[in-house]
Amino acid sequence: MIQKATLLSVFLVAAMFSGLLVGAYELSGAKLWAALIGPTEDMSHFLIWNIRIPRVLLAATVGGGLAISGAAIQGLFRNPLADPGIVGISSGAMLFAVLALVLLSTTLSNLASVFQQWTVSTFAFIGALLTTLLVYKIGSQKGKVQVASMLLAGIAITAFAGAITGYLVYKSDESQLRDITFWTLGSLSGDIWVQLSIVGPIVVIGSILIQRDARGLNAILLGEKEAAYLGFRVEKVKQRVVVLAALVVGACISVTGLIGFVGLVIPHLLRLLWGTDYRGLLLYSALLGGTFLVLADNLARTIVAPAELPIGILTALIGAPFFVWLLLRSQRQIPML
Amino acid sequence: MRVPSQKANSRKSPFSFPIVAIAAVLFIFQLTSCTSEADSQEQQAEEEAPKAERIVSLSGTLTEILYALDMGDRIVGVDITSVYPERETSELPKLGHMSQLNTEALLALEPDLVIYEATGRGAPEAIAQLEQAGITISAIQTGQSLDNPINVTSQLTDLLDIDESSVSTLQDRLNSERETLNGIVENVDSTPRVLFIYARGMGRLMAAGNETSASAMIELAGGQNAITSFPQFEALTPEALVEAQPDVILMFTSGLASLDGKEGLQQIPGISATPAYQKDRILTMDGLYLTGFGPRSTQAAIELAEGLHLPIEAEAG
Numbered sequence: 001m002i003q004k005a006t007l008l009s010v011f012l013v014a015a016m017f018s019g020l021l022v023g024a025y026e027l028s029g030a031k032l033w034a035a036l037i038g039p040t041e042d043m044s045h046f047l048i049w050n051i052r053i054p055r056v057l058l059a060a061t062v063g064g065g066l067a068i069s070g071a072a073i074q075g076l077f078r079n080p081l082a083d084p085g086i087v088g089i090s091s092g093a094m095l096f097a098v099l100a101l102v103l104l105s106t107t108l109s110n111l112a113s114v115f116q117q118w119t120v121s122t123f124a125f126i127g128a129l130l131t132t133l134l135v136y137k138i139g140s141q142k143g144k145v146q147v148a149s150m151l152l153a154g155i156a157i158t159a160f161a162g163a164i165t166g167y168l169v170y171k172s173d174e175s176q177l178r179d180i181t182f183w184t185l186g187s188l189s190g191d192i193w194v195q196l197s198i199v200g201p202i203v204v205i206g207s208i209l210i211q212r213d214a215r216g217l218n219a220i221l222l223g224e225k226e227a228a229y230l231g232f233r234v235e236k237v238k239q240r241v242v243v244l245a246a247l248v249v250g251a252c253i254s255v256t257g258l259i260g261f262v263g264l265v266i267p268h269l270l271r272l273l274w275g276t277d278y279r280g281l282l283l284y285s286a287l288l289g290g291t292f293l294v295l296a297d298n299l300a301r302t303i304v305a306p307a308e309l310p311i312g313i314l315t316a317l318i319g320a321p322f323f324v325w326l327l328l329r330s331q332r333q334i335p336m337l
Numbered sequence: 001m002r003v004p005s006q007k008a009n010s011r012k013s014p015f016s017f018p019i020v021a022i023a024a025v026l027f028i029f030q031l032t033s034c035t036s037e038a039d040s041q042e043q044q045a046e047e048e049a050p051k052a053e054r055i056v057s058l059s060g061t062l063t064e065i066l067y068a069l070d071m072g073d074r075i076v077g078v079d080i081t082s083v084y085p086e087r088e089t090s091e092l093p094k095l096g097h098m099s100q101l102n103t104e105a106l107l108a109l110e111p112d113l114v115i116y117e118a119t120g121r122g123a124p125e126a127i128a129q130l131e132q133a134g135i136t137i138s139a140i141q142t143g144q145s146l147d148n149p150i151n152v153t154s155q156l157t158d159l160l161d162i163d164e165s166s167v168s169t170l171q172d173r174l175n176s177e178r179e180t181l182n183g184i185v186e187n188v189d190s191t192p193r194v195l196f197i198y199a200r201g202m203g204r205l206m207a208a209g210n211e212t213s214a215s216a217m218i219e220l221a222g223g224q225n226a227i228t229s230f231p232q233f234e235a236l237t238p239e240a241l242v243e244a245q246p247d248v249i250l251m252f253t254s255g256l257a258s259l260d261g262k263e264g265l266q267q268i269p270g271i272s273a274t275p276a277y278q279k280d281r282i283l284t285m286d287g288l289y290l291t292g293f294g295p296r297s298t299q300a301a302i303e304l305a306e307g308l309h310l311p312i313e314a315e316a317g
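Heads up: the sequence lines are chains A and B, in that order. Position 65, counted from 1, in the first sequence is what the numbering used here calls 65; the numbers after and before it change by one each time, with no gaps. Position 56, counted from 1, in the second sequence is what the numbering used here calls 56; the numbers after and before it change by one each time, with no gaps.
Check the hints yourself; a few may be wrong.
What the hints assert, rightly or not - Computed list of chain A residues with no C-beta within reach of chain B, every gap over 10 Å:
{"hint": "1", "residue": "24"}
{"hint": "2", "residue": "51"}
{"hint": "3", "residue": "134"}
{"hint": "4", "residue": "147"}
{"hint": "5", "residue": "149"}
{"hint": "6", "residue": "170"}
{"hint": "7", "residue": "304"}
{"hint": "8", "residue": "305"}
{"hint": "9", "residue": "310"}
{"hint": "10", "residue": "325"}
As the list claims (entries may be wrong) - Simulated coverage check for chain A against chain B, where a stretch passes if three residues somewhere in it have a Cβ under 8 Å from a Cβ of chain B:
{"hint": "11", "stretch": "36-48"}
{"hint": "12", "stretch": "151-161"}
Please keep in mind that the hints were generated in silico from the structure rather than gathered at the bench. By construction, the Cβ of each residue, glycine as well, lies at the ideal position given by its N, Cα and C atoms.
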């Protein structure tokens, strides 16, 4: 397992270095080094330290956070189709972000621009947590979390939030609509150091805590009763995983907008390759998810330069065909979970 | 289903090392970045900004005004809404939409002035980033009036060494066009009800309220906005369409094209009950031309006024 983790770490570091090298602003290796170690006459020092480095770190953090949460949620629900969206995280974040975007262009339009972006992020984060809490409450009876009813509650809440979002979209004008569309496609641009200083700790600490429940998730694979017989406090594991996943994913998408595919498919890709053992799978997912998003963002920044492609388009565009190829190539029986 | 073995229970979590390492690196980067930001801001404050030579314009209207002031050759990059003058703007690097700026690509153009319109949903964070980079960024105040090009020009003269003769040429042209417009509007006794429909395919039809730029142009051209019950854009319903009783329907050329022309227009529920449709009074104009309030806005108002009034007079005569 150490070898696999090392291999994936090497990939991640390599991807992050490639992220430093590519971009619309041309920088040779030597110039890059000079800009890294000290101030330069041109923009390159600013560019490296305020745009490329934080952006690569943000991509790695968000990709890792989305993938590890996806893996944990799939394990918890014993459902290969589960992703953090299934407990209402994405739909809640979406509803509140859209609400913020609509409010900003009407009642809150006098707010300074710095606060405007933060309003959207804060709203999205609160929305993610609120809907998850609601789904969790509906799904738990007498202090016990019923995974099946939580799943169904998640679907219901998602539909309900979707309806209100739909109404807001229907009422919104062209510029609001454009903001909403871009938000649902995700973006890693913005005042990144500030974003990173908030998202980074949440994702890193949350991921470490999720990793600590890896053995519990392994046991839940057998069934909840069986896990309890093995000595795991199943209710506690379920509580922790849901809350942590909501925190991590909520923090990620509150600054980037919706980025699909990573949380759903990165864990499956690793299951196909190396099987389902959450002690390794969670860690691998974090590393590969980070690598994947860094590489996707490299493309997003350069492919239509000097403009920029929303990253959510690229994650699915590159990821899905690769995943299908892997499915077709896979000789052994596919482990659903 | 694969059942993992329990033998490795005592093994330490493999997560700690890489994550802690990343966290540490992240923290160090954070510290260093703060100091570099402070440096660049100090440098910026020291010297007065010189007159700009390399301009990035993030608004179609501002781009058009710069060209009208013979400043076009200093523009090094524009946003996606800058489409006029067509040939010149098509040759410039397009930076996408204002809300999705690629900061790095913008810096690569090495601008010494970035201008954008102050209206709308504020500046995106990319603007704050550019300010940190020490680039002069100016939010230009704009308004829905035919004086807009002149008001913008006076703001631009603080940032650019615009030739005075270019300014007076523009001013003279606008003045004489204004007289033509007044001549048309003063000599009509009817104020037709005009409904502006914004269309992006059948699924997205919106009516312009009475505080939109389309409504402002309709009033400048001597018409009245058929909608008085809401200020901004609202989805177009068949009942609202019938209630508005528009004499003329006004659309962007691209909007009518998205409905497959006038053939497609008849599929809008309720439209056949309007006087405008029955008398075939459907006007189309280019979006930036009609609602941009740039240097061609008075021409656009004249064209709209002629479209609104002249056929009626011809009918009456």
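Results for each hint:
1. 24: violated, 3 Å
2. 51: Its Cβ does come within 10 Å of chain B, the nearest being 5 Å, so this is violated.
3. 134: holds, 29 Å
4. 147: holds, 16 Å
5. 149: Holds, because the least Cβ-Cβ distance between residue 149 (chain A) and chain B comes to about 23 Å, which exceeds 10 Å.
6. 170: violated, 6 Å
7. 304: Since the minimum Cβ distance to chain B is about 8 Å, residue 304 (chain A) lies within 10 Å and the statement is violated.
8. 305: Per Cβ check, residue 305 (chain A) is inside 10 Å of chain B; nearest 5 Å; violated.
9. 310: violated, 7 Å
10. 325: holds, 23 Å
11. 36-48: It holds, with 5 qualifying residues against the three required.
12. 151-161: Contact hint for the stretch 151-161 of chain A vs chain B: violated, 0 residues under 8 Å.
Figure legend: structure checked against the earlier numbered hints; hints not met, in rising order: 1, 2, 6, 7, 8, 9 and 12.
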